[in-house]
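Trainee: Going down the list, the protein sequences come from chains A and B.
Residues 1 to 302 in our numbering are what the first sequence spells out, letter by letter.
Residues 303 to 536 in our numbering are what the second sequence spells out, letter by letter.
Some clues are possibly wrong.
Below, a list of computed lysine-lysine pairs in the DSSO-like style, where the Cα atoms sit at most 30 Å apart [what the hints assert, rightly or not]:
id	chain 1	residue 1	chain 2	residue 2
1	A	Lys186	B	Lys377
2	A	Lys186	B	Lys522
3	A	Lys173	B	Lys456
4	B	Lys522	B	Lys307
5	B	Lys456	B	Lys357
6	A	Lys94	B	Lys409
7	B	Lys431	B	Lys357
8	B	Lys522	A	Lys296
9	B	Lys431	B	Lys477
10	A	Lys186	B	Lys409
11	B	Lys456	B	Lys307
12	B	Lys377	A	Lys94
13	B	Lys413	B	Lys456
14	A	Lys94	A	Lys173
15	B	Lys407	B	Lys357
16	B	Lys477	A	Lys90
17	B	Lys377	A	Lys173
18	A	Lys90	B	Lys407
19	B	Lys431	A	Lys296
20	A	Lys296	A	Lys94
21	B	Lys431	B	Lys522
22	A	Lys94	B	Lys456
23	A	Lys90	B	Lys409
24	B	Lys357	A	Lys186
25	B	Lys407	A	Lys173
26	B	Lys481	B	Lys413
27	B	Lys431	B	Lys456
28	B	Lys522	B	Lys407
29	B	Lys413	A	Lys90
30	A	Lys94	B	Lys481
31	B	Lys413	B	Lys357
32	A	Lys173	B	Lys357
33	A	Lys173	B	Lys307
34	B	Lys477	A	Lys296
35	B	Lys431	B	Lys407
36	B	Lys409	B	Lys431
37	B	Lys522	A	Lys173
Stretch by stretch, here's where chain B covers chain A in the computed footprint (C-beta under 8 Å, at least three residues) [claimed, not checked]:
id	segment
38	159–166
39	169–183
Keep in mind that the hints were calculated from the coordinates and are not lab data.
The beta carbon of each residue, even a glycine, is placed where N, CA and C say it ideally should be.
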Amino acid sequence: MDVQYFIELFFSGLTRGSIYALIALGYTLVYGIIELINFAHGEIYMLGAFTALLVAGVLGIMGFPAGGILVVAALAAIIWSAAYGFTLEKVAYKPLRGAPRLSPLISAIGMSIFLQNYVLLAQTSEYLPFPRLLPDMEFLDYIDNIMGPSDFLILVCSMLAMVALTIFIRYTKMGKAMRATAQNRKMALLLGINADRIISLTFIVGSSLAALGGVLIASHMGQVNFSIGFLAGLKAFTAAVLGGIGSIPGAVVGGLVLGIAESFTTGYLSGNYEDALAFALLIFILIFRPDGILGKAKVQKV
Amino acid sequence: MLEVKGIDTFYGNIQALRDVSLRVDDGEIVTLIGANGAGKSTTLMTICGINRPRKGEILWNGTPIHNLPPNEIVKLGISQVPEGRLIFPDLSVRENLDLGAFLRKDKQGIKEDMDYVFDLFPILAQRRKQAGGTLSGGEQQMLAISRALMGRPKLLLLDEPSLGLAPIIIQQIFKIIQKVNADGTTVFLVEQNANQALRIAHRGYVMENGRIVMSDAAAKLLESSDIRAAYLGM
Chain A
1 MDVQYFIELF FSGLTRGSIY ALIALGYTLV YGIIELINFA HGEIYMLGAF TALLVAGVLG
61 IMGFPAGGIL VVAALAAIIW SAAYGFTLEK VAYKPLRGAP RLSPLISAIG MSIFLQNYVL
121 LAQTSEYLPF PRLLPDMEFL DYIDNIMGPS DFLILVCSML AMVALTIFIR YTKMGKAMRA
181 TAQNRKMALL LGINADRIIS LTFIVGSSLA ALGGVLIASH MGQVNFSIGF LAGLKAFTAA
241 VLGGIGSIPG AVVGGLVLGI AESFTTGYLS GNYEDALAFA LLIFILIFRP DGILGKAKVQ
301 KV
Chain B
303 MLEVKGIDTF YGNIQALRDV SLRVDDGEIV TLIGANGAGK STTLMTICGI NRPRKGEILW
363 NGTPIHNLPP NEIVKLGISQ VPEGRLIFPD LSVRENLDLG AFLRKDKQGI KEDMDYVFDL
423 FPILAQRRKQ AGGTLSGGEQ QMLAISRALM GRPKLLLLDE PSLGLAPIII QQIFKIIQKV
483 NADGTTVFLV EQNANQALRI AHRGYVMENG RIVMSDAAAK LLESSDIRAA YLGM
């Protein structure tokens, strides 16, 4: 077996997996708080990529340096997508709180279709080229067959984002309030925690992470399209379930496992099978370990 | 301090409270006793704004609070220790206590109150890094009371603190309730354990099928033959 080839596949899986993980975190955070699978989450990721493209386009014409453009575009994408996530919850989910669980799920699918078509109409159905904004990184030269600048950027950024999220959730007051609300909303209310605000905050945080994922993948693939959110959303959902939905480390582990598994399938079997593998994995985990790799089995008290 | 005037509360179409009126004055321990399903917990949840009364009003020092959201009511100084304690199982003891002080900003005061509850329940200080869900029932009750005290409430609402605990722990909890009251917190205590509750309370209300059917000084209720027959098994 060719070790070099194996390492290459491993790192390309890691890159892909970090993107899945970033999106999966949004699924898992929202599910943890309101037990809803937010199927419009993939669209938020796509909106992030589009926002970055538009901002980068404008700044490019104005002649800013490439590195600066990428940072500004990413920030703009994060803020804009966070606003979308916030509004999405207010418009599509909040009025349905207390309704049977199927209703917000259908609302989520509806929002997903709406947002895709909105971008299709407002922009285009073509694949748009995303500008090359990454500087050459010389220190990567001696491993350039394993990792390019955009892979490196994805790994570093997603790692930083996950560390920041962990610190936020574990140590800040709002993070603790978020965990408390996830564990027992009624008790959180009795302590004076405003659950509506916590839910909004959750959508904002989840959407920001997805937007970051969108920007990173756009600069990695070099193109953007209105439909990229659909498959990415499904894959990230798979990752979240794989790791254990509701569990934050689970989303990261699930994303990385899925990314690496797909990469090996592409490398050793055929690229045609990577989607099949991802969803086979989803079915497999749902049958044999529905709580996921890191999820806890819920004890239901009678 | 707290005045409940003629409230009706419903769950869907089912009426849980019928024309409930009661009063808690500054510095008192007032108890509400009654059987399972009489509406005691509903009364507390209505005071805290989790359930809304369909009729009647709830006054806090004269101003109506029954239309305020729960966080505003907590801000006024009303904290509840709910039935079943509702400890956050995956948060540490320390984090559970931190959240009790969620609405407060006075770091110094929070630290003082943390010392105060660790003084009341030294076992919690030992277990401060442990997850709440790993505590025993009695320890969880202590944590739930401490968490409510971390909000530095003027009025502490307690829902069946004796439920499912060993007699010796119940004794300890009731002693602490008396101490908390002596230290200046008004207490409204909901109990099925009528005997214990009436022994530490100043006044008591008896609830049946969503109505207040009797109210008197606790000592008088303890002697009343109806109460003795219905709730004390004597």
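Trainee: All the hints need checking, so say for each whether the structure fits it.
Mentor: Tested hints:
Only pairs whose Cα atoms come within 30 Å are accepted, and Lys186/A paired with Lys377/B is accepted, the gap being roughly 16 Å. Taking the CA atoms of Lys186/A and Lys522/B, the gap is near 36 Å; set against the 30 Å cutoff, the hint is violated. Between Lys173/A and Lys456/B the CA atoms are separated by roughly 23 Å; this keeps the pair inside 30 Å, and the hint holds. With a C-alpha separation of about 24 Å, the suggested pair Lys522/B and Lys307/B falls inside the 30 Å cut-off, and the hint holds.
A distance of roughly 26 Å separates the Cα atoms of Lys456/B and Lys357/B; the hinted pair therefore holds under the 30 Å criterion. Using a Cα cut-off of 30 Å, the hinted pair Lys94/A and Lys409/B is violated, with the two alpha carbons roughly 34 Å apart. Taken as a hint, the Lys431/B and Lys357/B pair is broken in the structure, with Cα atoms around 45 Å apart against an allowance of 30 Å. Distance hint between Lys522/B and Lys296/A is unfulfilled; the C-alpha atoms sit about 52 Å from each other, more than 30 Å.
Between Lys431/B and Lys477/B, the direct Cα distance comes to roughly 26 Å. Compliance with the 30 Å bound is thereby established for this hinted pair. Distance check on the hinted pair: Lys186/A and Lys409/B sit about 26 Å apart at the alpha-carbon level, within 30 Å; holds. Between the alpha carbons of Lys456/B and Lys307/B the distance comes to roughly 20 Å, so the proposed pair stays at or under 30 Å and holds. The straight-line distance between the Cα atoms of Lys377/B and Lys94/A is roughly 25 Å, inside the 30 Å bound, and the hint therefore holds.
Between the alpha carbons of Lys413/B and Lys456/B the distance comes to roughly 18 Å, so the proposed pair stays at or under 30 Å and holds. At roughly 24 Å between alpha-carbon atoms, Lys94/A and Lys173/A fall within 30 Å of each other, so this suggested pair holds. A hinted pair counts as satisfied when its Cα atoms are at most 30 Å apart, and Lys407/B with Lys357/B does not qualify at roughly 35 Å. As the CA atoms of Lys477/B and Lys90/A are separated by approximately 47 Å, the hinted pair breaks the 30 Å bound.
Between Lys377/B and Lys173/A, the direct Cα distance comes to roughly 17 Å. Compliance with the 30 Å bound is thereby established for this hinted pair. Using a Cα cut-off of 30 Å, the hinted pair Lys90/A and Lys407/B holds, with the two alpha carbons roughly 29 Å apart. Using a Cα cut-off of 30 Å, the hinted pair Lys431/B and Lys296/A holds, with the two alpha carbons roughly 21 Å apart. A distance of roughly 28 Å separates the Cα atoms of Lys296/A and Lys94/A; the hinted pair therefore holds under the 30 Å criterion.
Of the pairs offered as hints, the one joining Lys431/B and Lys522/B is violated, with about 45 Å between alpha carbons and a cut-off of 30 Å exceeded. At most 30 Å may separate the alpha-carbon atoms for a hinted pair to count; Lys94/A and Lys456/B exceed this at roughly 33 Å. A distance of roughly 34 Å separates the Cα atoms of Lys90/A and Lys409/B; the hinted pair therefore is violated under the 30 Å criterion. The hinted pair formed by Lys357/B and Lys186/A meets the criterion: a straight-line CA distance of about 23 Å does not exceed 30 Å.
Annotation: proposed proximity of Lys407/B to Lys173/A holds, straight-line Cα distance about 11 Å (limit 30 Å). Restraint check for Lys481/B and Lys413/B: the C-alpha separation of about 20 Å stays at or below 30 Å, so the hint holds. Our distance criterion of 30 Å between C-alpha atoms is met by Lys431/B and Lys456/B, whose separation comes to about 28 Å. Distance hint between Lys522/B and Lys407/B is unfulfilled; the C-alpha atoms sit about 43 Å from each other, more than 30 Å.
Between the alpha carbons of Lys413/B and Lys90/A the distance comes to roughly 37 Å, so the proposed pair goes past 30 Å and is violated. Between Lys94/A and Lys481/B the alpha-carbon distance is near 43 Å, which puts this suggested pair outside the 30 Å criterion. For the suggested pair Lys413/B and Lys357/B, the alpha carbons sit about 41 Å apart, so the restraint of at most 30 Å is broken. Only pairs whose Cα atoms come within 30 Å are accepted, and Lys173/A paired with Lys357/B is rejected, the gap being roughly 37 Å.
For the suggested pair Lys173/A and Lys307/B, the alpha carbons sit about 37 Å apart, so the restraint of at most 30 Å is broken. The hinted pair formed by Lys477/B and Lys296/A fails the criterion: a straight-line CA distance of about 38 Å is larger than 30 Å. Our distance criterion of 30 Å between C-alpha atoms is met by Lys431/B and Lys407/B, whose separation comes to about 23 Å. The straight-line distance between the Cα atoms of Lys409/B and Lys431/B is roughly 20 Å, inside the 30 Å bound, and the hint therefore holds.
Taking the CA atoms of Lys522/B and Lys173/A, the gap is about 47 Å. The hint is violated against a cut of 30 Å. Only residues whose C-beta sits within less than 8 Å of a C-beta in chain B count toward coverage, and the segment 159–166 of chain A has 0 of them, not enough to reach three; the restraint is violated. Given as covered by chain B, the segment 169–183 of chain A passes the check, having 6 residues with a CB less than 8 Å from a CB of that chain where 3 are the minimum.
Checked against the numbered hints above, the structure breaks hints 2, 6, 7, 8, 15, 16, 21, 22, 23, 28, 29, 30, 31, 32, 33, 34, 37, 38 and satisfies the rest.
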